Every structure is written in C-alpha cells, then in structure tokens.
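Student: Residue-level listing of the chains:
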Amino acid sequence: MQQQIEQVLQQINAIVIGKEQQVKLAIACLLAKGHLLIEDLPGMGKTTLAHVLSASLGLSYQRVQFTSDLLPSDVIGVSIFDQNSQSFTLHKGPLFNQVVLADEINRASPKTQSALLEAMEGHQISIDGQTIELPQPFFVIATQNPMFHAGTYPLPESQLDRFMMKISLGFPDVAAEKRILLSTGDLQGLDKLSASINIDQLIEIQKQVAKVHVAEPILEYIIALFQLTRNADSNVNPLSPRAGKSLIAAARAWAYIEHRDHVLPDDIKSVFCAVCEHRISGTGLAQQSSEPLSQQLLKQVDSASPL
Amino acid sequence: MAANLQFNILANSNRKNSSSFQLSPNIRLLLIISQVANILPLVKELAVWFIAIASLCVIFQLTIHLNLIKQPSRIGKSIVAILGCALLVVTGRELGLLLGMIHLLCLAYLLKPLEIRNQMDFYQLIILGLLLLACSFIFQQSLYFTLPVLLLVIANFCLLLRYATPQEKWQFQVNLTTKIVLQSLPLTVMLFVIFPKIAPFWQMPTAKSSETGLSDSVKVGDIAQLALSNQLAFRVEFDQQVPVYQQMYWRALTLSDFDGRQWTRRNIPFSQQTVIDQQALLALSQKASGISYQVIAEPSYQYWLFALDIGVIKDKKAGLNIAQLQDYSLLAQRKISQPVSYQVTSYTQQPLNLERLDIKQYTQINQLDNPQLAQYAQTLKANYPSDNVAIIQAVLDNFREQNYRYTLTPPVLTNNSLDEFFFETQAGFCEHYASSFTYLMRSAGIPARIVLGYLGGEYNQQGNYYSVYQRDAHAWTEVWLDGQGWLRIDPTSAVDPSRIERGFSEQLMLEQQQLTAEFNLNNVFNRAWLLQIQMRLDAIDFQWTKLVINFSQDSQQKLLSDWFGQYFNMTAILVIIGGVSFIVIAIVLLNIAAKRPQKRTIWLTLYLQAHHYLDKLGLGRNNDMSDQQFIRLLEKNNVELAVIYKAFIFNFNRLHYSSLESSAKKILIARMKEQLIKIKKMV
Chain A
1 MQQQIEQVLQ
11 QINAIVIGKE
21 QQVKLAIACL
31 LAKGHLLIED
41 LPGMGKTTLA
51 HVLSASLGLS
61 YQRVQFTSDL
71 LPSDVIGVSI
81 FDQNSQSFTL
91 HKGPLFNQVV
101 LADEINRASP
111 KTQSALLEAM
121 EGHQISIDGQ
131 TIELPQPFFV
141 IATQNPMFHA
151 GTYPLPESQL
161 DRFMMKISLG
171 FPDVAAEKRI
181 LLSTGDLQGL
191 DKLSASINID
201 QLIEIQKQVA
211 KVHVAEPILE
221 YIIALFQLTR
231 NADSNVNPLS
241 PRAGKSLIAA
251 ARAWAYIEHR
261 DHVLPDDIKS
271 VFCAVCEHRI
281 SGTGLAQQSS
291 EPLSQQLLKQ
301 VDSASPL
Chain B
308 MAANLQFNIL
318 ANSNRKNSSS
328 FQLSPNIRLL
338 LIISQVANIL
348 PLVKELAVWF
358 IAIASLCVIF
368 QLTIHLNLIK
378 QPSRIGKSIV
388 AILGCALLVV
398 TGRELGLLLG
408 MIHLLCLAYL
418 LKPLEIRNQM
428 DFYQLIILGL
438 LLLACSFIFQ
448 QSLYFTLPVL
458 LLVIANFCLL
468 LRYATPQEKW
478 QFQVNLTTKI
488 VLQSLPLTVM
498 LFVIFPKIAP
508 FWQMPTAKSS
518 ETGLSDSVKV
528 GDIAQLALSN
538 QLAFRVEFDQ
548 QVPVYQQMYW
558 RALTLSDFDG
568 RQWTRRNIPF
578 SQQTVIDQQA
588 LLALSQKASG
598 ISYQVIAEPS
608 YQYWLFALDI
618 GVIKDKKAGL
628 NIAQLQDYSL
638 LAQRKISQPV
648 SYQVTSYTQQ
658 PLNLERLDIK
668 QYTQINQLDN
678 PQLAQYAQTL
688 KANYPSDNVA
698 IIQAVLDNFR
708 EQNYRYTLTP
718 PVLTNNSLDE
728 FFFETQAGFC
738 EHYASSFTYL
748 MRSAGIPARI
758 VLGYLGGEYN
768 QQGNYYSVYQ
778 RDAHAWTEVW
788 LDGQGWLRID
798 PTSAVDPSRI
808 ERGFSEQLML
818 EQQQLTAEFN
828 LNNVFNRAWL
838 LQIQMRLDAI
848 DFQWTKLVIN
858 FSQDSQQKLL
868 SDWFGQYFNM
878 TAILVIIGGV
888 SFIVIAIVLL
898 NIAAKRPQKR
908 TIWLTLYLQA
918 HHYLDKLGLG
928 RNNDMSDQQF
938 IRLLEKNNVE
948 LAVIYKAFIF
958 NFNRLHYSSL
968 ESSAKKILIA
978 RMKEQLIKIK
988 KMV
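Those sequence lines, one after another, are chains A and B.
Residues in the first sequence are numbered consecutively from 1, following the numbering used here.
Residues in the second sequence are numbered consecutively from 308, following the numbering used here.
Worth flagging that the hints you see were computed from the coordinates, not collected in a lab.
Don't take each hint at face value.
[What the hints assert, rightly or not] Which residues of chain B face chain A? A few of them, derived with a C-beta cut under 10 angstroms, are:
{"id": "1", "residue": "687"}
{"id": "2", "residue": "691"}
{"id": "3", "residue": "926"}
{"id": "4", "residue": "929"}
{"id": "5", "residue": "930"}
{"id": "6", "residue": "932"}
[Stated by the list, open to error] With a cut-off of at most 25 angstroms between alpha-carbon atoms, the simulated PhoX-like pairs for lysine-lysine come out as follows:
{"id": "7", "chain 1": "A", "residue 1": "299", "chain 2": "B", "residue 2": "943"}
{"id": "8", "chain 1": "A", "residue 1": "299", "chain 2": "A", "residue 2": "24"}
{"id": "9", "chain 1": "B", "residue 1": "943", "chain 2": "B", "residue 2": "987"}
{"id": "10", "chain 1": "A", "residue 1": "299", "chain 2": "B", "residue 2": "953"}
{"id": "11", "chain 1": "A", "residue 1": "299", "chain 2": "A", "residue 2": "245"}
{"id": "12", "chain 1": "A", "residue 1": "211", "chain 2": "B", "residue 2": "972"}
{"id": "13", "chain 1": "B", "residue 1": "923", "chain 2": "B", "residue 2": "902"}
{"id": "14", "chain 1": "B", "residue 1": "980", "chain 2": "B", "residue 2": "923"}
{"id": "15", "chain 1": "B", "residue 1": "972", "chain 2": "B", "residue 2": "943"}
{"id": "16", "chain 1": "B", "residue 1": "642", "chain 2": "B", "residue 2": "526"}
{"id": "17", "chain 1": "A", "residue 1": "299", "chain 2": "B", "residue 2": "985"}
{"id": "18", "chain 1": "B", "residue 1": "985", "chain 2": "B", "residue 2": "923"}
{"id": "19", "chain 1": "A", "residue 1": "24", "chain 2": "B", "residue 2": "972"}
{"id": "20", "chain 1": "B", "residue 1": "988", "chain 2": "B", "residue 2": "902"}
{"id": "21", "chain 1": "B", "residue 1": "906", "chain 2": "B", "residue 2": "972"}
The structure presented is a predicted model; accordingly, all values stated were derived computationally and were not measured.
Ideal placement from N, C-alpha and C gives every residue a C-beta, glycine not left out.
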C-alpha cells in the first residue's frame, strides 16, 4: 500500500515542481480524512495541486470558483421541477464529487461559506428535507487569498477549525522555477494521468492510518504543547481538544507515509505548523513575525520528556 | 496588531530555568539586613573571632551588592567555607557541642547568600534564619527577649512575601503578614496547651554556659564580685505569710571544708548525696505550721536551689528531681539551664537539728593556716570555758566594737590570709566575716560551717512577689550548739546592721554603682514613675516566666484536668494527635507521590545521557529539531558520531514510541547501551 502512496507522491511532484513537503502534507491530510486550506497568492499552483491530486488518486474532481454572488445552491445543488416527469428532480451541485476545489473561498459571502463548511463537517447534504450522503472519500481543498487582498470575507475561527491543515505553497526556488517556466503548463495533460490507486485501496489506507500506534509519550508531548497555548499569560488562541485530534490524525498519516506503524515526535513536528498555525494565530491575520507562532511553541517543549 | 500576538510564553519558561535565577537588588539588600538581624539575638553566645568573621562576611556581601567586587568563584567560595569549618573544628573543643553546632549554623547562614542559585536556595536561607532565631531561645527566654525575636520572625515572613509579591507596596506585605501571624496564633496557643510535653522531646539542650551566682567553693573576695551583678537570681511568691526582711536568709549550700585558702564542699555524685531523714521531716511538717511559697529560679547552670531554713518541697515534679540534703539544702539532679519553679514550705521557727552531727567534719581545721586567729580562739576558750554562747557573743562584740568596715572593695590580702584581715586590714565583705568567724569557731572547738545563699529581696508591689538578685548574694555562718542544733550567726550583722535590715546601705550602693559603672537610669531621673514602670515590666516578665516558660508536663496535666475534669485522659490526647498527624502525613506523602514524575524508563535515561554527552560537545539539540535535522547537524561535525547516533535514536524511537514485546525491548536496550558507550568514547 505504501508503495502506491509513494507513486502518487512521485506523480504529483513531477507536475507540482519543488513542493515536496506541501504535497506530502496534502496527501497526509487526505489520508487523515481532513480537509485542506491553501492560502497563497494567485498563480502559485494551488489549482494545479488540487487537480493533480484528484487525478493521480483516481477521484472525481470539480472546481468551484467562489465569488461574492455565489449562492449556497450553486454549491450544493438544487431541486428543479421537471416538466416531463411532473416531479422535482435533484440537480446535484459540485459538492457531490470526491475532491472539491473551492477556489478563493474567502471571496464568497459567509452564507455560502458556511454551506460548504457544514457539508465538510457532516459528510452529508440536506436539500429540501432530503438528506444525501456525500461520496467517500470526500476531500475539500479550499484556497484563499491572503487577508490583505481586497474583497475578502475572512473565515471565522470556528470555520477555520474545520480545516485540518492550512498550508501555503510559497515561491519556488530558482531551480524549480526554471523548470516551471519551461514546462508547457497546460492542464489538459492531467486528464490523461493514470491513477496509481483505486478508491477501495484509498479507503483501506485511510483505515490503516487510523490504526497507527500513538504512544503515551506522544500524547504527553501534544498536551505539553497545547498547555503552552492555554497558559494565562500566552496571548495566542488556545488549542482545543479537536485540534489535538486533528494533530494526531495528521501525524498518523505522516507516519504511515514514512512507512512506520507508530507515531514519532518528528511526525508531530512535521505536521504541527500545518495543523495548528491557523488555529492559534486566529482570523487569518497576516503573520509578520519572522517565525511562525507554532514553530516558537515547538522550541519550548522537549519531545522526549515533555512533562 | 501583530505585535500583540507576540509570545509571552518565554517569561513562563524562565521560571523553570534555574541558571538565570537572580534576586532583585532590593531583596538582596533586605536579605543582608535580615541576616544581621537574625544573628543579633545570638551575638552574646558567639565567640569574638566568629563575630569578626561574620562582620567580614556581611561587609563582603555589601560590596558585592554595591557591585564593587564580583561574586567569588566556586573555588573561592569553597576556600571560605573550608576555612570557616577548620576554625570551628579547632575551637570546637572549647565551644562544646551545642555552641559549636550553633556556630556552624551561623557560618552556613552567613555564607549561603553567596550561592543562591534558585528559589529553593532562597527559601532555605529564610528557614535557616528562622532556625537561628529559634536557637536563641536556648539561651534566653525572658519576655523582653522573646518579643523582639518574635518581631524578627514576622520580619522574615515579610521578606518572603516581598520576594513573592515584588510589585505590591510594603504596607500590604506587612498587613498581610500580620494577619497571617494573628490567624495562626489560636492554633499556636492550642498546640502549646494541649500538645503532650513528653520529657525527652521537649527538653531544651543544656548550653555549656558560664555558671552564674554562687559556686560551691568560696574564698574571700568571691561574693564581693558577685555583689556587682544586678542579674536576677530567682523570684519568690509567698502564698500568705511573708517573713520579715531580716529573716529572709535564702540558703543555697553549706561549705564545711577549709584548705587554708578557700571553703569548699565535697564533690559527691547526686545519687550518693546524704539525704535528710524523711521521717523526721514528715513529723516536722505535721507538727509545725510553715510558710509556703513558690520559687521561680533563673538558669544558673548550677545544681543549687533556694529555700528558707528547713524547706520542704511539696510537689515532686516530673523532669525536676530535687534532693533534700542533710544540710537542709536543695540539690537538683540536672543543671538549672532554664527557669524552674517549685513550691516550698519552710519551717523557720524550727531548730535545724534533724540530723546526727558529725563533729569531726565541722571542727576540722589546720591551726597553722592562720596562727593568730587560732591563738585568739584559744584565748577566748580560756576566758569562757565551756560557754560556747559567750564565745560567739565575744567575737560578735569584737566585730562590733573594733573598727571593722563592711565594703565591696576590701584591700588585697596576701594568700587570702584571714589573720591579715582580722587583725590588720579589718575591711571586708560578708565572706571575710563569715570565713574568719567560722575559722574562729572551729579553732575554739565549736562545730561551724559557712552557708552560702541570698539575703532579702526586692518587693514588687504590682506583682506581689520578691525578686532576689545576684547582688543579694550573702555568706553567713551556722554553729552547732548542743540542744539547739544549727544556729544561724551572721557576723555581718555585727559590722553593718543595715545590710541585714534593708539591704545595701547607701554607702555600699554608691560603691556598687561606681564599681559596675553601669548606666543606671535611676541616677539620671530619680523619679518614682520610672521605678513604677520598671516594677511593672518586671511583674509582666514574672508572669511570663511563671505561666509560659514554666509550663511543664505537670502544669499541662493539671490545667487539662481542670478543664476537662474526669474526661481528661493523656492517652486519648496522644491517640488523637497521633491519628491527626498520621492523616496529615499520609495526605502529604500521597501528594508528593502524585506530583513526583513517573519513573524514567531505561531508554529515556540512556537517551538523556547521550544528549548530556553531546551537550558537552556543544551539540545541543533544539526542541524543534527533527531527528533528521539533528543527524545532519552531527554529520557536519563528526560523520562517525552521526552514524552511531542515527542507530541510537532509531532504537530509542522504537522503544519509546512503538509497542514492542519485552524480548524485543531487551535487545534494543542492549544495543542502545552499546551505542551510548561508543558515543561516550567519542566525546
């Protein structure tokens, strides 16, 4: 199974050039049944990443461009009266796909944002009193522009919390950028990408990820880290137990990708920034400190003997 | 806004980090002041050289405080400590165990500020200070000593609070401390009253202090020296009847051996002392009515206790074993190192004839010591054959009629010659007269002995008691007359009757004041109200001594049975206190056990050990470094080390973070140990 994950990683890295770490985090997020938020400037490869991810995993994929006039029905679907059959038939929205790319989510009105986010949490959608299960696996990749951009509705903390990870791709390094500049850059070829894994296998992997062993010292390490944010004199948003569960799930997936059956502090350290940074730094305020807050937290706890 | 998000967690982690512990200059200065204050109550007991060292220590710390010099290095500190200890060892024999230990404690207390490395050290210093204050009570317990020391204790608490709440005003700290102390008072009083005073635990250590008051030998000049002391010897509270002043001869001990220079008494162990005939005593107490009173004796570091004439101890107390000797004196088994009280009934009208006289012991004398006196005795004997009363009268008349002077500054006598005093200088204090009188009596064949004790006492109206001071020390003579028993003859009364009737005459008082050169308030303001205040203060101190310091096992038992009547039971109290303390100890222990970190696993110890070695190489691992990153860091320094560490950390990770069977664990631990040895070798 792990070999297949390796293959997927290789496939994606061949197209999304120079972003191994972020690609790995995205895969881990998917394996941990979480949703992914990518914050970056336009043109950094957010869409490409989402597209390649779905293609190489053999998942159905749809992209929704969020705009300020987008309505919830545009996302989840709508029942329309069919003249022929004299009945209402459901026109499923783009959400009924396994991978949904919600592009520029912070451009839509809060109403539409929350429709999407509720679907993410419940894995089901209610239309006209009808409850419909979403396909499995269900993976939302949302992108947002940095907060200082015009025409954005920032996601509130409670909704940021729904995303397991927030990553940003960032500028590529010189060598990678050279390759990007020379590449053809059309997304058409992506459709021809053959999936190296099928859905059953993916679900099986997700089940195995959940079984990765988490030892007592790891729990202590996490609690020690979280306690730092809960101290009276720390002025970051305290981390909730749900954040802790997300952290463990992500670390399990990371350990699985690393061919291990147990979680190491290194796994926590690898996913910690992605999982916790958006939770502790609050409503997407631009981080001007040279070092992420979560990195500062990691520096304060010794992983081997945390308490 | 981003600035608001800056972390404050660093401030928090600082508290755990001991290396950066630093007392604020303010606290440091207060600490030095508190050290001086805490040592002050003990200063009387400390050796002079030690006080010099202590002053140096304080000055040293002050200069450090003012940044004039730097903190001494570890070696410097060690040298100072070792030097101090060496000095203590050298002088230890002289100081004795208790004082030696107190010196050691003081030294530690003075040097400790040089190495306050964490909060614990600071607390330790404060506790040490409190212990020193407690130690000062070994030597003194009077109320006017206790109160300032208690204030010092509170001041120490204030300092602790100042350290804990540096941002608060000092008024707040003083208020809070006072409040806490007041709140703890009821508990203190309760514990004081009901906590069982089991003898071996509640006994004060006996300090090897200089003996005060009378000694068991006397040569001329001794008591004149004593008369210069205004120190309190004991206090007496009469129950009803008070004897007249002239009759207040407080007997302490009798001296029967004269070696030509000084009068001594035989040194016999307590258990072999000849005790008075108890039957005769009992008969006496049934036949006659006596004067009963309570004596509260100040510590004298001697064995002697005081009573009028034939004193009978009423209640035998636990912890205070007093023997009534054949010469009617009272002897305690232990040295009187703290105030003791005892109830006595004295039979002043009864003759002292309860014993069978050993004539040989009381007439033994070497005629050659003072040949002139011996000669004079022979003349007297020839003049009044077989009339001992007449002989006595003749000698007393001689004292009265001749130009004898009673003075605190007698001329120096060569070889303590009584001849010289009696026939030439004719000036002396009570022991001169008692000595020569006794010598004369013995030479004339009349059994005689010297009695040491105190005469009179100062009446305190406020407290209705008498205080007897060292200056009231007195020596007189007892002669044995057949049929009458021991008869008190005080030759001093013949020379200076006012001494007997009222105490020191004005002339003597003046002498005393000149000799002691003591600043006496009475001289400056000779006012009645001042005397009144003095008396009142003394009366309060008397109550303190009587009620608090003398609160012994017996008084406790009595008090508690007064309160609880038949329900009182010492065993019950012991059981309750035992039970409560058991529960408290159990709770404390459980708390400690709960807080104690779980026992480290072997592999974690090995891991920490390895990092300890690597730290020494300057290869510290940051908390946020992953294994890979750290291995890369090692590779830059030492490839071989990196390889070993890689294997080491791999084993550690498997042991620490995955679930393994015990057999697999053993193998991995063995490997880790090997790898640790290799790492150690490389370092």
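Student: Indicate, hint by hint, whether the structure satisfies it.
Tutor: Hints, one by one, checked against the model:
With a least beta-carbon distance of about 98 angstroms to chain A, the hint placing residue 687(B) at the interface is violated under the 10 angstroms criterion. With its C-beta approaching chain A no nearer than about 102 angstroms, residue 691(B) sits outside the 10 angstroms limit, and its interface hint is violated. For residue 926(B), the suggested interface contact is broken, since its CB lies about 15 angstroms from the closest CB of chain A, more than 10 angstroms. Given hint, residue 929(B) at the interface with chain A, holds; its Cβ is 6 angstroms from that chain's nearest Cβ, closer than 10 angstroms.
The beta carbon of residue 930(B) is positioned within 10 angstroms of a beta carbon in chain A (closest approach about 5 angstroms), and the interface hint is therefore held. Hint on residue 932(B) holds. Least Cβ distance to chain A is approximately 8 angstroms, under the 10 angstroms limit. A threshold of 25 angstroms between alpha carbons decides the hint, and for residue 299(A) with residue 943(B) the separation of about 22 angstroms falls inside it, so the pair holds. About 23 angstroms separates the Cα atoms of residue 299(A) and residue 24(A), which keeps this hinted pair within 25 angstroms; it holds.
The hinted pair formed by residue 943(B) and residue 987(B) meets the criterion: a straight-line CA distance of about 18 angstroms does not exceed 25 angstroms. Between the alpha carbons of residue 299(A) and residue 953(B) the distance comes to roughly 21 angstroms, so the proposed pair stays at or under 25 angstroms and holds. With a C-alpha separation of about 21 angstroms, the suggested pair residue 299(A) and residue 245(A) falls inside the 25 angstroms cut-off, and the hint holds. Proximity of residue 211(A) to residue 972(B) is assessed by CA-CA distance (about 22 angstroms); at most 25 angstroms being required, the pair is judged to hold.
Restraint check for residue 923(B) and residue 902(B): the C-alpha separation of about 30 angstroms exceeds 25 angstroms, so the hint is violated. Restraint check for residue 980(B) and residue 923(B): the C-alpha separation of about 19 angstroms stays at or below 25 angstroms, so the hint holds. A hinted pair counts as satisfied when its Cα atoms are at most 25 angstroms apart, and residue 972(B) with residue 943(B) does not qualify at roughly 31 angstroms. Taken as a hint, the residue 642(B) and residue 526(B) pair is honoured in the structure, with Cα atoms around 23 angstroms apart against an allowance of 25 angstroms.
Taking the CA atoms of residue 299(A) and residue 985(B), the gap is about 29 angstroms. The hint is violated against a cut of 25 angstroms. Distance check on the hinted pair: residue 985(B) and residue 923(B) sit about 15 angstroms apart at the alpha-carbon level, within 25 angstroms; holds. A distance of roughly 32 angstroms separates the Cα atoms of residue 24(A) and residue 972(B); the hinted pair therefore is violated under the 25 angstroms criterion. With a C-alpha separation of about 36 angstroms, the suggested pairing of residue 988(B) with residue 902(B) is violated against the 25 angstroms cut-off.
For the hint pairing residue 906(B) with residue 972(B), the CA-to-CA distance comes to about 17 angstroms; that is within 25 angstroms, so the pair holds.
Consistency note: the structure conflicts with the earlier hints numbered 1, 2, 3, 13, 15, 17, 19 and 20.
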